[in-house]
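Student: Take a look at the letters that make up each chain.
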Amino acid sequence: MIKNIIEVKNLSKSFDISSREQGLKGTLKHFFKREITSKKVIKNINFAIEEGEIIGFLGANGAGKTTILKMLCGLIYPSQGSISVSGYLPFRRKDNFLKNITLVMGQKQQLIWDLPPIESFYLNASIYEINKFEAEKRIRKLSDMLEIEDELNIPVRKLSLGQRMKSELLAALIHKPKILFLDEPTLGLDINAQRNLRKFLKAYNKETNATICMTSHYMKDITSLCKRVICVNNGSISYDGKLNKLLKKISPVKEVLLICRTENDANALRSSGFTVKQKIKNEITLKIENKSIATSLKTILNNYDIEDLYINEPPVDEVIGKILEKKEYHV
Amino acid sequence: MFNLSIHKISTLLKVQYANMLEYRVEIALWAISGIIPFFMLNIWTNNNLNESININNTMLSRYFLSAFFVRQFSVVWVVFTFEEDSLMGKVSPYLIQPLNPFFRYFAQHIAEQLTRFPFALIIAFFFFIFNSESFWVPNLFILLLSCISTFFSFLIQFLMQSIIACICFWTEKASSIERLLFIPTLFLSGLLAPIVSFPEFVKSWIYITPFPYLIDFPANLLSGNPTNISGGFSMQILWILILFPLFKKAWSEGTKKYTAMGT
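Just so you know, the protein sequences line up as chains A and B, in that order. So for the first sequence, the working numbering puts the first residue at 1; every next one is plus one. So for the second sequence, the working numbering puts the first residue at 1; every next one is plus one.
The hints are simulated quantities; they were obtained by calculation from the structure and are not laboratory data. A couple of the hints might just be wrong.
Claimed, not checked - Derived SDA-like pairs (lysine to any residue); straight-line CA-CA distance at most 25 Å: (1) K99(A) with S176(B); (2) K33(A) with W77(B); (3) K202(A) with I191(A); (4) K33(A) with L87(B); (5) K9(A) with T259(B); (6) K249(B) with K202(A); (7) K176(A) with L246(A); (8) K14(B) with I154(A); (9) K39(A) with W170(B); (10) K3(A) with F133(A); (11) K256(B) with E7(A); (12) K14(B) with I191(A); (13) K256(B) with I36(A); (14) K249(B) with K176(A); (15) K257(B) with W77(B); (16) K178(A) with Y94(B).
Claimed, not checked - Partner residues are not named here, just some residues of chain A that face chain B (Cβ under 7 Å, in silico): (17) K99; (18) L103; (19) Q110; (20) S126; (21) L297; (22) I300; (23) L301; (24) Y304; (25) I306; (26) E307; (27) L309; (28) Y310; (29) I311.
Ideal Cβ positions, reconstructed from N, Cα and C, are used throughout, including at glycine.
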């Protein structure tokens with residue numbers, strides 16, 4: 001039986017935020033009397049994650065995704081509720097718990113800037129009490145998987161963003177963590193570097209059965225890695241389940257591109273009652289509901305002279321963008 | 001929290017030393033910038049102020065050279081580094097590692113002291129060229145005691161600044177509190193003048209504070225000036241024992257307040 005490695009019950013987090021009015025008057029007022037308000041950024045959320053799962057946290061900026069990750073890895077204290085990660089209370093930061101997890105933040109680095117990454121790797125290895133021989137073995141293996149063997153001895157400040165990110169990942173994984181918290185790991189990377197990183201994460205998950213919790217604004221990260229997503233809207237969970245199911249529910253249509261023999265056929269199709277996305281000469285794209293796709297296509301093929309056709313899912317970015325736009329969206 | 005193995009310590013030191021060597025020119029300049037005691041020596045001897053406290057020129061020269069050495073190996077800047085790391089969110093990755101981040105800062109300081117050492121020796125060499133009558137070689141036992149008391153002085157200052165650094169968890173600008181501490185450290189530690197020269201009223205209470213044990217006590221010990229060795233060490237150890245649990249408390253309470261700003 002697969003057990004839950006992460007369990008979150010009625011979790012809430014509030015932050016004290018001091019606000020200030022604009023201008024000199026606001027500055028002086030703020031100097032003498034600070035207006036501090038408590039803002040609940042996470043509101044009674046519940047979820048569980050099984051060992052080996054790759055979960056994507058989706059949400060607009062400021063929705064609370066990163067705050068959830070920070071609480072899961074023990075970086076910040078929850079205001080209410082309970083969290084159990086690998087059987088530990090994360091915020092107690094027990095050594096055995098910390099040896100099981102890692103956190104990678106796309107915009108923050110732990111590598112020592114002026115030294116080659118290999119120095120930071122050995123430092124991390126000693127912090128996690130890994131002997132030199134074992135550390136060497138792991139560095140060799142991970143650098144091979146991440147394809148950064150040639151960059152190990154170059155000072156971090158001279159590495160490209162992609163090479164630095166890969167080195168960050170190596171430093172974060174040297175202790176073979178069972179749970180990876182990744183906050184926008186592909187931020188700022190070019191398309192090839194993003195793809196390589198995703199390939200690596202997939203391989204790492206397959207090989208070690210590590211649980212991966214990640215946030216990303218690159219939908220390709222989510223769609224290629226995460227079968228399950230948790231949508232966070234304004235501190236609450238609006239969806240928790242399979243990504244495919246979400247996409248089907250939100251966008252229950254397929255896009256059908258029809259290449260007609262003549263432009264007249266395309267014109268006739270446009271006025272036949274189907275939802276038209278676009279028409280260019282003899283090519284027309286229709287939006288057809290999933291449940292009626294078979295019957296609709298049968299009708300089209302019987303009544304119009306069609307040379308070729310392509311059935312496409314709507315772009316995932318477009319669909320997920322809808323989730324992020326609708327603040328109160330609930331599936 | 002304090003589960004440190006020899007392997008951890010040696011790797012931390014090796015890596016931080018390698019890092020500090022990248023900044024060797026900067027460290028040489030820092031070493032040169034610590035020559036306040038020599039200015040003070042000049043003021044004292046040119047104005048014959050030493051006669052009032054019954055210390056001859058040679059012993060005063062040795063005191064200020066020793067004060068220079070003690071200062072070189074007890075300079076602490078942890079509050080500034082921690083404040084920056086805390087504000088920029090750099091502390092976050094360290095907090096989820098099974099090693100208190102202050103060990104990293106501690107190792108940075110030790111590595112920096114090791115880097116400073118040759119520069120301090122060069123400065124001392126030039127000092128003796130211009131003050132050859134002050135040359136002396138302390139016996140091995142005294143040298144060892146002086147090194148220990150200098151390390152204790154460093155430890156006291158490191159703990160004091162670390163406690164202040166923990167205030168970063170409540171207010172972002174903890175270094176401004178350190179500025180307040182800098183004033184008594186400068187005037188009451190013996191950096192500007194030996195404590196023996198202070199008015200009787202000041203001497204009646206100053207020895208219960210940690211300040212005389214930061215420069216004056218180790219410098220007197222090294223230079224061979226009369227000092228209460230057992231009393232000095234007892235007070236240094238007492239202050240370490242007082243400050244260490246305070247730091248632990250500030251750390252454990254502070255990390256509960258941490259909001260991981262900048263990440």
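Student: Closer than 7 Å between Cβ atoms is the bar; does I306(A) clear it against chain B? Give me holds or violated.
Tutor: 54 Å, violated
Student: Taking the least C-beta to C-beta distance, is L309(A) closer than 7 Å to chain B?
Tutor: It is violated, given that the least Cβ distance between L309(A) and chain B is near 49 Å, above 7 Å.
Student: Is K249(B) close enough to K176(A), meaning Cα to Cα at most 25 Å?
Tutor: 32 Å, violated
Student: Does the interface hint hold: is L297(A) within less than 7 Å of chain B, judged Cβ to Cβ?
Tutor: 50 Å, violated
Student: Quick check on the hint: Y304(A) CB to chain B CB, less than 7 Å?
Tutor: Interface hint status for Y304(A): violated (57 Å vs cutoff 7 Å).
Student: Please check whether S126(A) passes as an interface residue: C-beta within 7 Å of a C-beta belonging to chain B.
Tutor: 4 Å, holds
Student: Checking one constraint from the list: CA of K99(A) to CA of S176(B), max 25 Å. Satisfied?
Tutor: 36 Å, violated
Student: Sort out whether I191(A) lies within 25 Å of K14(B), counting only the CA atoms.
Tutor: 37 Å, violated
Student: Between the alpha carbons of K256(B) and E7(A), is the straight-line distance 25 Å or under?
Tutor: 21 Å, holds
Student: Any CB of chain B closer than 7 Å to the CB of L103(A)?
Tutor: It holds, given that the least Cβ distance between L103(A) and chain B is near 5 Å, below 7 Å.
Student: When you check the alpha-carbon spacing of K9(A) and T259(B), does it fall within 25 Å?
Tutor: 21 Å, holds
Student: Grab the minimum C-beta distance from Q110(A) to chain B and call the hint holds if it beats 7 Å, violated otherwise.
Tutor: At 4 Å from the nearest chain B Cβ, Q110(A) passes the 7 Å test, so the hint holds.
In this structure, the hints that do not hold are numbers 1, 2, 6, 7, 10, 12, 14, 21, 22, 23, 24, 25, 26, 27, 28 and 29, in rising order.
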